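We have chain X; now place chains U and A onto it with these hints.
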Amino acid sequence: MQDAILAMLAKEPSHGYDLGLRLRRALGPLGGSMNAGQVYVTLARLEKAGLVVHERSAGSPDRPDRKVYALTDAGHERVTAWLAEVNRPKPDLVEFHLKLAAASASRLADPVELVDVQRRELLRRLAEAQRAVLAEPEGSTGGLLLEGVALRLEADLRWLEACERVWSRRAEA
Amino acid sequence: MNVLQVRDLTKRHGHKHGLVRAVDGVDLDVPAGQLLAVTGPSGCGKSTLLHLLGGLERPTSGQVWLAGQRVDTAGERALARLRRRSVGFVFQSFHLVEELTAAENVELPVLLAGGSPRAARRRAGQLLDQVGLAHRARRQPWRLSGGERQRVAVARALANEPLVVLADEPTGNLDTAATNEVLRLFADLRAMGQTVVLVTHDARVAATADRLISMRDGVFVDDAWLGGPAGRLGDLFAMGD
Amino acid sequence: MVRLVLGDLRRHPGPAALLVLSTLVATAVLSLGMSLPGATERLYLQTRAATAGPDVVVVAPGRSRAADAALRSLEDVPGVAARSRTYRTFFTEITTGGGAVRAAVLGADAEPGPIDRPLVTSGAWVRPGGVVVERGFAGALRLRVGDRVTVGGRSFPVVGVAVTAARMVYPWATMGGPDGGPSDRSGLVWLHERDTRALAGADVPAASLVYLRLRDPGATAAFRAVYHESHDPAVRLNAFTWPFIAHQGAVYLRDGQPILIVGGWLLSFMAVAGLSTLAAGRAAGQARRAGLLKVVGATPGLIAVVLLTEYLALALLADAAGLALTRLVAPLVVNPSGSLLTADAGPSGPIAAMTTVVAVGVAILTALAPAVRALRTDAVTTLAPAVGRPDHLVLLSRLAGLLPVPLLLGLRLVARRPGRALLHAGSAATTAVGLTVLLMVDAQPDQGWDFGGVTVADLMDDRSRLLLLGVTGAMAALAVVNTLTTTWTTVRESQATMAVARTLGATPGQVTAGLATAQLLPALPGALAGIPLGLFAQWFFGHQNTPQPVTPWVWLVPPALLLATAALAAVPARFAVRRPVAETLRAEAA
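Chains as they are written, first to last, in the working numbering: chain X, 1 to 173; chain U, 1001 to 1241; chain A, 2001 to 2590.
To be clear, the hints were calculated from the coordinates, so they are not data collected in a lab. All values reported here derive from a predicted model rather than from experimental measurement. Hints are supplied without guarantee of correctness; some may be wrong.
Stated by the list, open to error - Quick list of the computed label-pair ranges, beta carbon to beta carbon: (1) X/L144 x U/D1223: 31 to 37 Å; (2) A/L2524 x U/M1192: 44 to 50 Å; (3) X/V86 x U/D1027: 24 to 30 Å; (4) X/R66 x U/D1027: 55 to 61 Å; (5) A/L2469 x U/H1013: 33 to 39 Å; (6) X/V86 x U/T1176: 26 to 32 Å; (7) U/T1176 x X/N35: 39 to 45 Å; (8) U/D1129 x A/L2524: 35 to 41 Å; (9) X/N35 x U/D1029: 54 to 60 Å; (10) U/D1223 x X/G50: 41 to 47 Å; (11) U/D1027 x A/L2524: 52 to 58 Å; (12) U/W1065 x X/G142: 39 to 45 Å; (13) A/L2302 x U/D1188: 50 to 56 Å.
Built from N, CA and C at the ideal position, the CB exists for glycine as well.
Looking at chain X on its own, in the form it has when it is part of the complex:
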């Protein structure tokens, strides 16, 4: 959550309310379960950590909230590191999804490339798991556990394929 909000601020300074809106849009139907207060709590934490600052803007009559948040240098660094980081051992779906959305919005990284990097990592792991599976005799309990690992990796890889399809189409559009 923290990283996602930071990445969104990387594009431009925003109101907390706008941030919440954008997060919800990126999450789609899942965003409905997000508490609006969560954004403010997270922003406060980030501010305490010195990653964001806020300044008051000239409020308009329909906007009671006047705090506009922006990244500090430290915040920028943290965002870049987060985007470059390969999620291991497997991506948290929501986090990876937000990362792709944020990368696309902030133009700090190419989402398709992020997917590629992630995919290679997963493939490498799948290769290991698969070799371990094949090393086990058919029907052993150890093999069963490895089979589960391999199946989950396979599922993640499929999802990454879907991510790649959607984001590469976006990039072309």
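Showing chains U and A alone in chain X's frame:
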């Protein structure tokens, strides 16, 4: 030494709605002993690439060398000779000769290559033993399970000790257990130093290779080395947050 | 539904054409064979109606007053309605460009009487100084209006050609002759009464005759039973009733009929053999089509109708064409002498019905099994590519291991479809039978008919030979079609196998050889079995009682058949080999 060399290989299929580029200007080197997997969604051109490598189809342009010999320009007879001696095919739907028994299927390439019936029988016995099907030698293909049929097909592909085994979705028609049987066989081949090019859309099958090429719309989009150091299984069990 | 049928026909014109061709040939020969019994009698009836033919012709040897009186007295025989005047027939030689020929010369009126009014088919009727030649005789001597013939030392122009129902067909015009006994072959010419006087003066052997009309034309037997009582027993009268005259024409077809009937059934067998192979080859596709129709909700009844309609429509079309062909050919076959009118010589209604039944039977036989199979199979399994369940013939397997690769493949293809191999062998045997009979008959000396001065072609024997040649030709044509069909079907069924063999490094030549071997193996025993069967058939249906020596040519039949089979089989096989391997494999996997 490269067993296979491919330069600027292109294959267009004539189509009602213009030409489809199944393979579009691909370069590839496959060193001896490598287990190479080519993966990608269906229709990406991976099967066509395999057919071009084995001389089952002729490219629109570009060159293919198999062990230093041009494949793309060879005549029908030269191709037949090449397939006998240097290439072994394994297909998704097995393509065993239904009229022949398992052993006879394995004998066939030896006979075609001019081997004596006795040599053929000996070789077939040895190979069926290697794939664990010595007890099924006298059966006809329709009396074998899918996994057994594919193992016979692998044995047949190996009959003339080919330079390269070309496998097209070898597990496409198999369930998990049979897939693993066949994949173990491929792992054995790899351990023996057999060069294999494997085409598959199944990530788990592809992951058993040393090297993984991803294809999209007739071009290579990724070429990854998977044969990393083993023994990091610990990582696998750390689940996400 | 009609669109479904038409669509399928458009997509597969080849099989449809084969179906039509095979059925056509079989029904044509069969209907021709079945038309023969009674065919000449029918022609005779037509001729009789057209020429006011007599019910009885009574002949007295010589031309004495007693004979004339005896003939005149016949009008008192009960049942006789009318009598013609007494005519004279002179038995002499006529000389044409080709030489002297025995003939019966009838002294005719310029205006024929009410009984027997010969029908002039070209030129005009007799006039003083002009001769008219009976059509069969004219055909054999190649005489035309305007030619000249010498009768009794005097040269006459041929002024006409005519047919009559009052004489037996050429060459049996003598009808009792001058002595009333068995007679030599001869032809009939008409001269004007006045022109025959020279012959009468020269004391040429002669006979007198009258034509009688009975009150009931069917009562000829009654007439025969009583006519002897009415006249002078010293005069030997000889009565030829019209059924007797009619019957003589059928002698011509005595040999032809078994040829056509047996040939027709053999051809039907070959048609069924070829067509069922064809249908089997298409069965997989048909089953698939039925499956597709089922998936979109067609009822089993509709599917059966669609599948059967196609075959039935084609079979009926072929049947109609075959009958039309018979109509065209029949006059030539049933009237070899040309002595009868041939206005209507086509197959009769019952025969048409019979061949239609046969054609429909062929269609149903060939289409039913695939249709039923298509209906009984689950929709889903038919959509999956067919997986063959080959027969396991252990002996063949063991044998195959020792053979070169093409033979091995060929043997296995045969073992996979023993039924088809049997049909193919039968087809080869049938052709061998036909060829053997043809060769044996051809080896017999063609003696011809002795007409005194010249020898005229033996029309009976010629006719049989021609029919035999025709039937054997049809057999050979069907054998060609069958070989192509069988190879085509085998090629289709073994496409995957052969493509696989090629991925294993088999050369196109080896694959072609394998496919050709699959055709040759059943053809070999078939061709060999055909020879003794053919010899037997020739002996059984032939009219010589002693078996003839076997001509050495017969031994060329099997190698010739095998060579032809190999050459024919190589055509579709070659064609199949040209298709790229990858394409075949893709199509199989799809």
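Structure versus earlier hints - violations, ascending order: Hint 5 alone not satisfied by this model.
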